[in-house]
Amino acid sequence: MEFGLTSDQKMMQDSINRTLERVCPLERVRKAAGHEPYASDVLKALVELGVPGIVTPEEFGGLGLSLLDAALAAEALGRHVAPVPFVASSVLAPLALIGVGSDAQKKMYLPKLASGELIAGVAISEQAAGAREKAGITAKGGKLSGKAMFVLEFGGANIFIVADKFAGLHIVDAKAKGLEKISLSTIDATRAIGELNFDNVEAELLSSGNPAATLERMIDAGRIMLAADTLGAGGRMIEKAVAYAKERKQFGRVIGSFQAVKHLCAEMIAELEPCRSLIWYAAYAFDEFPGQSRRMAAHAKAHTSEVGTFVARTATEVHGGMGFTDLLGLHYWFKRIGFDRQALGGPEKVRHDAAVAQGWIGN
Amino acid sequence: MEFGLTSDQKMMQDSINRTLERVCPLERVRKAAGHEPYASDVLKALVELGVPGIVTPEEFGGLGLSLLDAALAAEALGRHVAPVPFVASSVLAPLALIGVGSDAQKKMYLPKLASGELIAGVAISEQAAGAREKAGITAKGGKLSGKAMFVLEFGGANIFIVADKFAGLHIVDAKAKGLEKISLSTIDATRAIGELNFDNVEAELLSSGNPAATLERMIDAGRIMLAADTLGAGGRMIEKAVAYAKERKQFGRVIGSFQAVKHLCAEMIAELEPCRSLIWYAAYAFDEFPGQSRRMAAHAKAHTSEVGTFVARTATEVHGGMGFTDLLGLHYWFKRIGFDRQALGGPEKVRHDAAVAQGWIGN
Amino acid sequence: MDLSYSPEYEAFRTEVRAFAKQHGASAPRGAMGDMRAWQKLLISNGYAARTIPKEYGGFGAEPDVLKSRIIAEEFIAAGLPMGMAGQGISMLVPTLLELGSEEQKKKFIGPTLRGEIIWCQGYSEPGAGSDLASLTTRAVEDGDDFVINGQKIWTSTAAQADMIFCLVRTEADKPKHEGISYLLFSMKMPGIEVRPLVTMTGRAEFNEVFFTDVRVPKKDIVGERGQGWFVANATLKHERGMLGDPNQAGTRLKALIDLMQNEEIDGRRLMDNPVFRDRLLKLQARVHAMEFHGLRLLTAGLRGEDPGVARLIVKLMGCELNHQLAAFAIDALGELGILYSGSPHLRASGTWQTSYMFDLGLIIGGGTAQIQKNIISERGLGMPREPKAAKA
Amino acid sequence: MDLSYSPEYEAFRTEVRAFAKQHGASAPRGAMGDMRAWQKLLISNGYAARTIPKEYGGFGAEPDVLKSRIIAEEFIAAGLPMGMAGQGISMLVPTLLELGSEEQKKKFIGPTLRGEIIWCQGYSEPGAGSDLASLTTRAVEDGDDFVINGQKIWTSTAAQADMIFCLVRTEADKPKHEGISYLLFSMKMPGIEVRPLVTMTGRAEFNEVFFTDVRVPKKDIVGERGQGWFVANATLKHERGMLGDPNQAGTRLKALIDLMQNEEIDGRRLMDNPVFRDRLLKLQARVHAMEFHGLRLLTAGLRGEDPGVARLIVKLMGCELNHQLAAFAIDALGELGILYSGSPHLRASGTWQTSYMFDLGLIIGGGTAQIQKNIISERGLGMPREPKAAKA
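Residue numbers (my numbering), protein chains in the order written: chain A, 89 to 451; chain B, 89 to 451; chain C, 414 to 805; chain D, 414 to 805.
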């Protein structure tokens with residue numbers, strides 16, 4: 089019985105954090121945000137650590153680690169609001185290929201995804217969060233038509249993994265004929281999402297297993313990754329708030345000596361730390377107790393998002409006016425948490441899925 | 089344009105408060121709570137002020153005042169956790185008679201209710217809050233059968249106003265044959281509710297107007313009264329908490345000088361004061377803009393209950409261990425607020441009614 | 414309690430409505446149209462600068478909050494711009510009326526009212542936010558001038574402003590509340606640098622202003638030298654008097670209800686989602702409560718009654734409510750709710766997100782929620798101030 | 414991360430299960446049965462007093478939190494009572510082991526473990542709650558005795574107790590933390606009066622204890638004279654170690670889910686009400702989070718790692734969660750939820766209401782939520798203490 093990280097896991101997360109501290113300071117984030125599809129130099133540094141191949145089996149050039157390891161990486165990326173692909177390209181796309189790719193497809197794509205040569209956007213928003221504006225993809229004779237919104241890691245993607253209305257999964261080349269790509273700008277400029285319009289676009293079907301089950305697992309994994317991202321971003325915001333409160337003086341005292349400020353900080357950490365345990369469990373359950381995966385992923389996402397919203401707001405408040413300005417860049421973390429909350433289903437939707445998963449209600 | 093109390097209204101509320109301070113101190117509440125159906129001496133003092141006839145027309149021996157006046161009385165009663173009938177016997181029962189009583193019925197009952205000679209329990213829980221345990225009354229040939237739960241002001245009632253499943257309203261004598269009366273004890277020992285079991289019980293139909301509309305107005309009025317009761321109880325709890333915090337010392341300071349305690353008190357009053365305005369408006373709308381009555385009564389009840397729960401808990405916390413003991417009797421207010429919250433529909437149910445009332449959804 | 418208006422006020426409303434109908438088409442909209450001409454028209458009709466004496470360029474009416482409210486209601490209903498509402502008009506003018514010299518009143522009030530002088534406010538500093546009295550911008554005497562050095566922040570219209578009303582420390586040796594003076598000077602003086610201050614919304618709603626050896630005549634002081642703290646507090650009192658939408662939250666709620674009735678997810682109206690609907694209802698109750706609370710304060714004002722703690726809670730509760738309304742809109746919109754600044758599919762031009770962030774700024778600014786709670790507990794509930802810290 | 418148990422622990426679990434099966438029928442239930450005999454049986458099998466040395470009447474095993482947890486899990490699963498868990502066993506015994514004299518250990522630990530001496534704790538006073546060090550119960554030297562006068566409160570088992578471990582002020586002239594001593598004495602002494610303290614639940618879960626000229630031999634002190642504050646803090650440390658249901662919230666959640674699936678309103682299951690269901694789901698997430706958080710702390714303990722702030726938050730979050738679970742049950746039950754104490758139709762014997770109130774007491778007691786937040790921010794986040802107040 090061991091509910092904690094191994095020393096390997098701690099070392100891995102440490103090394104990602106140290107690397108990001110070096111290659112991805114706030115100035116680098118500012119430079120990329122809204123301007124570059126992603127920070128390719130930061131990605132390169134992560135490739136050296138094997139991060140893009142973290143869940144990909146070793147035979148395909150990956151590290152072959154668990155989803156918990158991926159969650160630790162996601163936490164580090166959230167901590168540094170790193171403007172690089174990860175959730176879609178390094179976790180969900182590989183899971184799709186591992187789940188329902190043919191051997192040829194695995195050999196073709198997995199190593200390139202693991203090496204960062206290929207970036208994969210993932211279009212599963214309609215299945216995870218519900219369809220807006222009548223979006224949805226139909227597949228007919230190997231060709232896709234329709235619209236997919238809120239495609240993750242859209243910016244700079246070479247291929248897309250696309251779910252159709254009947255939970256079929258497809259690979260589409262980013263340069264395919266009939267594919268229209270529209271960037272969507274969000275509050276979170278560190279992540280480039282977009283919309284895909286398909287007009288009879290050639291696609292490669294991923295069909296060697298159970299695509300519906302794979303899609304469900306992709307959604308679960310994605311939710312856990314977003315929760316871990318919020319955990320990292322929120323944890324960093326608390327650290328920043330505490331550090332600021334220890335330094336900033338008003339009324340002749342550091343503001344961190346005022347009980348009101350201390351209690352805000354105490355409430356933040358008291359809310360966030362149990363999220364860490366919940367995310368660890370959800371990630372572990374994803375691999376070890378798949379029957380609990382849907383429910384635990386949903387809880388990890390919904391609960392961490394609720395706490396994240398509270399932390400983002402409160403840490404900003406503790407910073408006073410400085411938190412509201414662009415000067416300290418605190419808003420990058422604030423907005424990242426805001427993005428994580430809505431992507432792949434907001435808290436209400438995700439909790440609904442948890443109710444269905446445990447048979448409390450029908451679908 | 090005048091959104092405030094008249095000097096008459098202020099005087100009336102003052103005089104009720106002063107009377108209750110005199111005749112209904114905590115020791116009197118303790119003595120009655122759970123032991124007497126109601127405190128008849130306290131009621132007697134209120135009769136002298138005309139309180140039981142507050143909404144009854146002057147021609148029937150009442151004061152003929154507005155529902156806002158009744159709300160001010162309810163606030164005063166909540167403020168003193170007064171163990172006397174009021175909501176059912178002095179507001180809802182008269183409204184039933186005024187709404188759908190024949191002239192003979194009005195003449196027969198209203199003056200006696202106004203003088204406190206007669207106490208009326210009101211059985212409308214199934215219509216207001218939903219039916220539990222398959223409760224519900226059917227009327228057939230002037231006789232009632234079935235079960236009514238959570239009958240308000242059941243203790244010591246001489247008559248009951250009973251709603252049947254089809255919104256018919258009836259008067260039943262408390263001594264009628266076939267009527268079984270079962271006391272229910274709740275956390276709030278200042279109000280005696282109960283259950284009525286009808287086995288072909290003789291009843292007098294109230295049938296001279298629109299009973300369904302009258303029942304709806306009774307529910308609205310009851311919700312406003314319960315909200316006002318919580319306003320009074322909550323306001324008093326805040327006063328007590330502030331006074332205690334100014335007096336109690338720990339760590340060499342009065343605890344009211346600690347920012348954490350001050351902020352709790354500030355949050356309580358900031359939440360409660362707008363409830364006062366909302367209740368005033370709902371009560372005013374009940375008489376002046378009946379089209380808004382259902383929605384505003386629901387909002388007044390639901391919102392004040394949510395705030396009341398927060399105030400009850402927080403004021404207790406400010407009192408520390410003393411708040412948890414019986415010594416200061418603070419729990420009488422705490423429990424009164426707890427009762428008000430659930431009676432005639434909890435917040436979720438009541439908000440649902442507000443959605444229906446404004447046509448957002450079907451019934 | 415009587416929510417109807419007396420005939421006098423109904424007549425006034427009719428008059429305002431007629432004005433709105435007559436002039437609505439020619440009113441400036443957004444950046445379009447001549448705002449100064451509009452302002453002059455409003456003043457001459459008593460719909461702006463209503464209670465400012467005629468001799469200083471106002472309309473010269475008696476104060477009447479009900480009429481002010483009617484003007485605001487009708488202008489908002491007709492979608493007309495209110496009169497100019499910069500910090501010069503809302504804060505400096507009342508201060509000059511109360512504490513300015515006759516010369517200052519004559520010189521500044523009229524042009525300010527007519528939009529001929531745009532002002533900015535120089536109060537906050539990087540080291541003096543909640544604790545404003547600890548400001549350090551220094552004004553040193555040199556002949557007939559003060560020479561000013563230092564920095565201000567949160568100066569909202571600094572880039573457009575002609576003039577600034579500014580707090581500076583003239584008496585370095587006095588206790589912190591007593592060494593401050595309130596100066597008026599031109600923003601075109603040499604030595605003034607304005608730098609836009611970008612916020613989390615991505616825009617520069619504010620500025621930083623730097624003073625390097627700025628020379629200001631000593632006579633351009635309002636009130637006595639060293640009394641600037643008390644002059645400024647008179648001004649701060651007026652900040653709360655700024656007239657905007659008397660029910661901004663109500664306007665937002667309406668938009669939220671529309672959103673819930675019109676947006677769909679998986680082909681189902683958001684309004685048919687009971688969880689979102691319940692949250693909307695909770696917010697509706699709060700919006701109504703604050704709306705009626707506003708009427709209650711208005712009535713107290715009309716009656717000359719002191720509403721006590723009921724007034725002190727408005728900023729805390731109002732800002733929080735607006736923030737929560739925006740938060741709800743974002744959640745209800747889901748992924749659509751995180752779109753921003755010119756994106757396709759953007760709803761309400763992204764204003765829900767802007768509000769969500771800007772309202773958080775308002776919760777923080779002008780006295781954080783923490784300071785508000787101190788004020789409510791001390792002034793409203795009579796609780797003791799925190800004891801002064803012992804010297805370490 | 415590995416949530417399976419190693420063969421050693423699986424074997425241990427099997428052993429505990431076998432014990433539970435064999436002795437389950439004869440275990441005392443509620444007020445029925447011989448608790449002392451049961452306790453002896455548990456000690457002899459190592460299921461109570463597990464790590465107390467044999468020489469003092471315990472089982473003498475090495476500490477192993479995992480085994481302790483397995484015992485708790487299996488006893489709860491089988492519905493068996495755990496070993497006795499009064500304040501004598503959970504607080505005094507560890508303190509004596511750490512700081513008691515050999516004579517005290519020999520004399521008190523064995524009988525305490527076997528339930529032959531029931532203890533109560535004399536710490537809190539009406540004027541010394543959160544600020545325990547300001548206690549004023551005085552012990553004045555008189556020959557070989559102390560003579561004790563004063564009052565204690567929140568003394569939970571005072572009416573049943575044979576003995577008390579009690580903090581008294583022996584040095585009136587010393588600074589407040591340094592004049593306190595930790596005494597052991599009989600509750601049967603003349604001059605001790607116990608008055609039940611009724612709480613908001615309507616029951617007397619606590620007592621007040623009054624001392625009038627109570628004579629206690631000076632030798633019955635634990636640790637040094639004047640060191641009682643530090644001895645007590647060693648004891649307080651153990652308070653958190655009290656073993657109850659390791660997942661009380663989980664047990665309550667299960668009951669809540671049952672309630673939602675079985676209760677109906679207007680013939681419709683509560684579970685089919687989306688608003689209540691959403692709230693249940695929010696609570697479920699919190700219960701899981703705290704459950705896994707407990708596992709994380711357990712593992713940190715096994716590894717000898719310091720979990721830091723993660724440990725400090727447990728009381729604050731755990732008590733609040735239990736309170737919220739009860740609040741939800743009451744709301745879901747509606748009018749049924751306010752029924753109490755023996756009423757017809759009462760659900761779960763009224764325990765939801767009892768919990769709702771008692772958990773609020775726990776939030777307040779043993780360090781209010783405010784004190785907990787001070788501790789978290791100071792010890793957990795390294796934020797500064799509030800400055801001492803200057804003398805007025």
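Calculated from the structure, these hints are not laboratory results.
Ideal placement from N, C-alpha and C gives every residue a C-beta, glycine not left out.
Keep in mind that the hints are not guaranteed to be accurate.
Here are some chain A residues pointing at chain B (derived, C-beta under 8 Å) [stated by the list, open to error]:
id	residue
1	Phe346
2	Gln347
3	Ala348
4	His351
Covered stretches of chain C, going by a simulated chain B footprint (3 or more residues, C-beta under 8 Å) [unchecked claim]:
id	region
5	447–458
6	700–713
7	725–734
Next on the checklist: Next item in the hint list is phenylalanine 346 (chain A). Is there a CB on chain B closer than 8 Å to its CB?
Outcome noted: 6 Å, holds
Checklist entry - At a threshold of 8 Å, is the proposed contact between alanine 348 (chain A) and chain B supported by beta-carbon distances? => result Constraint on alanine 348 (chain A) satisfied, holds at 5 Å.
Item to check | Coverage assertion for the region 725–734 of chain C with respect to chain B, Cβ distance below 8 Å, three residues required | outcome: With 3 residues in contact (Cβ-Cβ under 8 Å with chain B), the coverage given for the region 725–734 of chain C holds.
Item to check | Outcome, coverage of the region 700–713 of chain C by chain B - at least 3 residues whose beta-carbon is closer than 8 Å to one in that chain | outcome: The restraint on the region 700–713 of chain C holds, since 10 of its residues have a Cβ under 8 Å from chain B and three suffice.
Checklist entry - Under the criterion of a CB-CB separation shorter than 8 Å, is histidine 351 (chain A) in contact with chain B as hinted? => result Where the cut-off is 8 Å and the nearest Cβ of chain B is about 6 Å from histidine 351 (chain A), the hint holds.
Checklist entry - Close enough to count: is the Cβ of glutamine 347 (chain A) nearer than 8 Å to one in chain B? => result At 4 Å from the nearest chain B Cβ, glutamine 347 (chain A) passes the 8 Å test, so the hint holds.
Checklist entry - With a Cβ-Cβ cutoff of 8 Å, does the region 447–458 of chain C contain at least three residues near chain B? => result violated (count 0)
Consistency note: the structure conflicts with earlier hint 5 alone.
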